[in-house]
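Residue numbers (the working numbering), protein chains in the order written: chain A, 1 to 572; chain B, 1 to 322.
Check each hint, because a few of them may be wrong.
Okay, derived cross-link-like pairs now, SDA-like style, lysine to any residue, Cα gap no bigger than 25 Å in a straight line [to be verified]:
hint, chain 1, residue 1, chain 2, residue 2
1, A, Lys117, A, Trp201
2, A, Lys351, B, Lys202
3, B, Lys202, A, Arg461
Everything labelled a hint here was simulated from the structure, so no lab data went into it.
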Amino acid sequence: MATVVDSSDPKSNFPIQYRELNYLNCSSGWKSWFFTLDHKRIGIMYLIGVTCSFFLGGLFAVLLRTELLSPDRVLMGPDSYNQMFTLHGAIMTFLVIIPGVPAAIGNIILPVMLGAKDVAFPRMNLGSFYLWMFGAAFFLAAIVLGGLDTGWTFYTPYSVTTSTAVITALLGVFILGFSSIFTGLNFIVTIHTMRPPGMTWFKMPLFLWALYATALIQILATPVLGITGLLLIVERAFHIGIFDPALGGDPVLFQHFFWFYSHPAVYVMILPAMGVVSEVIAVHSRKHIFGYRFIAYSSIAIAMFGFLVWGHHMFVSGQSRVVAVIFSAITFSVSIPSAIKVFNWLTTMYKGSIRFTTAMCYGLAFIFIFSIGGLTGLFLATLATDVHLHDTYFVVAHFHYVMMGSSLVGLFAAVHHWWPKISGKMFSETWGRIACLGVFLGFNLTFFPQFLLGTRGMPRRYYTYLEEFQGLHIMSTCGAYLLGLSSALMAGVLIYSVYRGKKAPANPWGGASLEWQCSSPPPHNNFDHPPLAGDPYIMESVVYNEEIGGYVPVECQGDNKQSVTASGDKEA
Amino acid sequence: MKLFIPNMLANADAGFWFPPQGSTVAEHSDSVYFFILYVCTFFFVLIVSLMVLFMVKYRHRPGVEAEKTSTHNLTLELSWSVIPTLLTIVMFWVGFTGYIDMRTPPSDSYDINVIAKKWSWAFQYPNGWIESELHIPKGENVTLTMASDDVIHSLWVPAFRTKMDVVPGRYTQEWFKATRAGEYPLMCAEYCGQKHSNMISKVIVHETRGDFDKWLQQASDIHKNKTPVEAGEYFYKSRGCIQCHSLDGTPKNGPTFKGLFGSERKFADGSTGVADKNYIRQSILEPQSQVVAGFRPIMPTFKGQLTDQDITAIIAFIEAQK
Ligand code: HEM
Ligand SMILES: [Cu+2]
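Extracted from the complex, chain B is given alone in its bound form:
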């Protein structure tokens, strides 16, 4: 719905209030915002000017009495009940129509699966390829089908003015149509623990569908275009390992990868083992089966999100961290 209200400030570039509008939804959402803002500003100015006027005019002065005025006035009181009511009905209506659009994914859309976990995003494209950044083509409807591995997260792209919780145990959906190519922040908006504020990624909007397809083609051929160590490093950075495992020897939420390969491991249950290829593979697929002593069992599983070839590359990368 195109609004009859002028879009002051809500131009395509960042205004005083908002980041640049990047989606079709943003245009509507901002015009609703400015409509409410004008109404509210009017009432706020009215209230405060009356207040200040009365404060000055009726301040206590020697010899001047408070004047007895009538203590109620039905017309007055009804009018300041009814006029705001009518205005809120309009607000409700414009908000409602916009919301229904936002929450009804169009049937002809490009589908991407999203898996949120503490504290990273995984975007899975129709060909199975997974990335930690969201790439989409401009001018095309994109629908995200989202699931969470652990607690509630919420996917928010401020430039698109749209947000949806990602709830464990069910799927939620969010859709948009990007209107400008570029990079925009994408973040988690529902508090999810220690690194909630690091759960920031990017949306990259490609100018054309052709550009996007080319990118996807190249990205998913990673094993052809890169050595296993390079590919492993890519997964390390893009799938969230980096959040908890350092390369410089400092323990974070998980043990460091430096000097890990081939070392002796002590587990929480008292047993020991050697960090060989099978150990690393199992740690990625069933992280809770062997928890290293001194760490909490918080690592999520990557089963189904990394192929055998990907895991082999990661092992090569860890092996290279002497």
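Isolated chain A, as found in the complex:
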């Protein structure tokens, strides 16, 4: 049985594994949470908020899928259906995936990974959380004040003319935008100014590169969304013609504005997840990441090219042919950096010592699902095929493969990978893996049939459909139920561990980056002295210690009598 060494044990020469006083219990009462400036507590509050939103959005998804069991009415009429898919999309995008990895996990891990005590602007960080809450409240208000039925894309002139609560929802989006900008700004400044001694740009863990690239997009693209929302509000409230042709506006202009933000935003969703996977694959394979520089540069390349491809959402909108051709060409250029990353992850596993921990299982699921998601993007980037596939279930399947199957599975990997650090507890690996398998199977069963629905002629956002599609819809709905149950199981396993889990050691998986050097969970100020940073992927720098049940730096292990190999086995 592994015992956990407490700071109160003076004889131990190991790094402190666990402290009686940590960031979770160093103060108590609701004020100590709601007015906290501690990045970890803010991250936890984000995580709770994101999880609640995820289950709300997920509930809508399950209701939608149930309705689609039959072309006739099952649960609701077309108006409720339209509102539900709109809210499902808006909640999942703006409240779950965009803040998921950066604001929740990034907030907790980024400063610790940098060996810093906090982010550069802790007050602004708290402010960004309150903006998030505020924006979320506007979304909930929109549900109460007549719903929203425009689709999460708010296309004009429909959104100018519908009688639902568009203005309330847009204000929500506007406020959430600021939350996102604040987080981005904070991360950029923190990474620029607070790296510890020894951590040059190319010694940064790849998760930080990913967060950095994400933050660049957040602060450059989000203002455009904010302004677009305001213009639409002005048009609805004061009948000033901007996008509605009946008032003298141009409806396609809205699409340009919207996608100028929303295309880069899809990289806000995927880049952090890619960063997570780079960490997870390396640590759980006990291997140095392969092609560090290519991965780092490809994050930045994706962030930059991401700004130049928005027009690929508009190949059939009536935009000029020349423009369509240019956008198609540039779109292919974003797919290359994604391909590079996938091959680098695979090569990282080569000759490793792979442990199928829950986090690693999610990492592997990510590679599988993201490959499908990314490759199906090629059919959409190709002009001749996109004309058929645009606005069908094929697009629905594609973006769920990248947003749900990749971004969200990346978030799941992150949560499991850093859970011992965040909560100080180990969860049940067996149940965690069962949930992961359920998520993987449920996901593919839900969304793979949708590719076929799309190519065979099923448009998206359809309340009812032609008889011939029912079989595939039923398959998809069954998958959704499995997916829903498995994610609930996943949440259950993690929450259970908080109360009944074993105490976690400082470094349960054998990571070499700085966050594994402070105790689990970290104390209020993370590190007493700024740690010295080296290459974050030299896994040999830590070895397994039986007594602790986790990894310790090799230099400490030397003093210990027991001799253990780097991969955690007693030497014969």
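Chain A is already provided as a structure; the job is to place chain B with the ligands on it using the hints.
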């Protein structure tokens, strides 16, 4: 452009992926699809088999260490950057040429005007006749010039593999050459509100130009071939009235036609009136001028799309709904 790639599955009849090919564009579009599909399948199988191989071969085993391997290799990394790049250039090119064909209406084509509105289609033939279904001859180029009365719609014929948004405030065009006679679904692909998913109609491809001309001749002579009530019923069904007005007394988005004629109407502005012939005529041409209390002002105008004779027939039909 005829492709060098075999058209596996993409035969003339429905395959695993697609409905039957009904137009010249479909052949090209499908061959591009299958080309990309083969490339993607190759890479997907490669990625997943390597992953599974490594998962099995390098799974953690007691006593076996992770082996230190080199952490980068320029040749390897350049090759998996450059090879995909070359392949995407080919994809771009075949997609591009097909697209240019799809988007360049030929000069010798039969022109049909399309008006999309919530939630119906109106196809207007050169002689002025309007139908809610699209009839076209096989083997002839057909160009649709499309306009929308309200929000954005999108005209999609899956069998033809072609789609174009219908945008209010401007005209857009879509063309095709049908290669097989038959009936195919035609639908709205851009979300347009409550009945978006009911905005489905049909394309009917006639075997020869002669068949098509005969059909058009007969259809446009409706007032000669039918009684006013029959003609009115035809317009009721084909021009989209049926979407919002029932005949059985249940209110939908608009008031029911049952017992409408001659009844007392209460309007949203508080005034009242009797539903006589002039009232019905005005409701069709200027629907927003008198909105019945309890309904939203959402009915589109039919000005220019129904002749006086058509409206007279519709009035006769409504009058018959006792
Ligand atoms: C490998 C790179 C990718 C390529 C080449 C690609 C290509 C495309 C293209 C061309 C479209 C437009 C399709 C259409 O509307 O007809 C599209 C739609 C979309 N993609 Fe991707 N994509 C890629 C990766 C991603 C990623 C990583 C995400 C998000 C995490 C994403 C999210 C979306 C979304 C949300 C839509 C549809 C939005 C909507 O219409 O509601 N894509 N993609
Ligand atoms: Cu429509």
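Report task. Go through the numbered hints given earlier and state which of them the structure violates, listing their numbers in rising order. Result -> Structure breaks hint 2 only.
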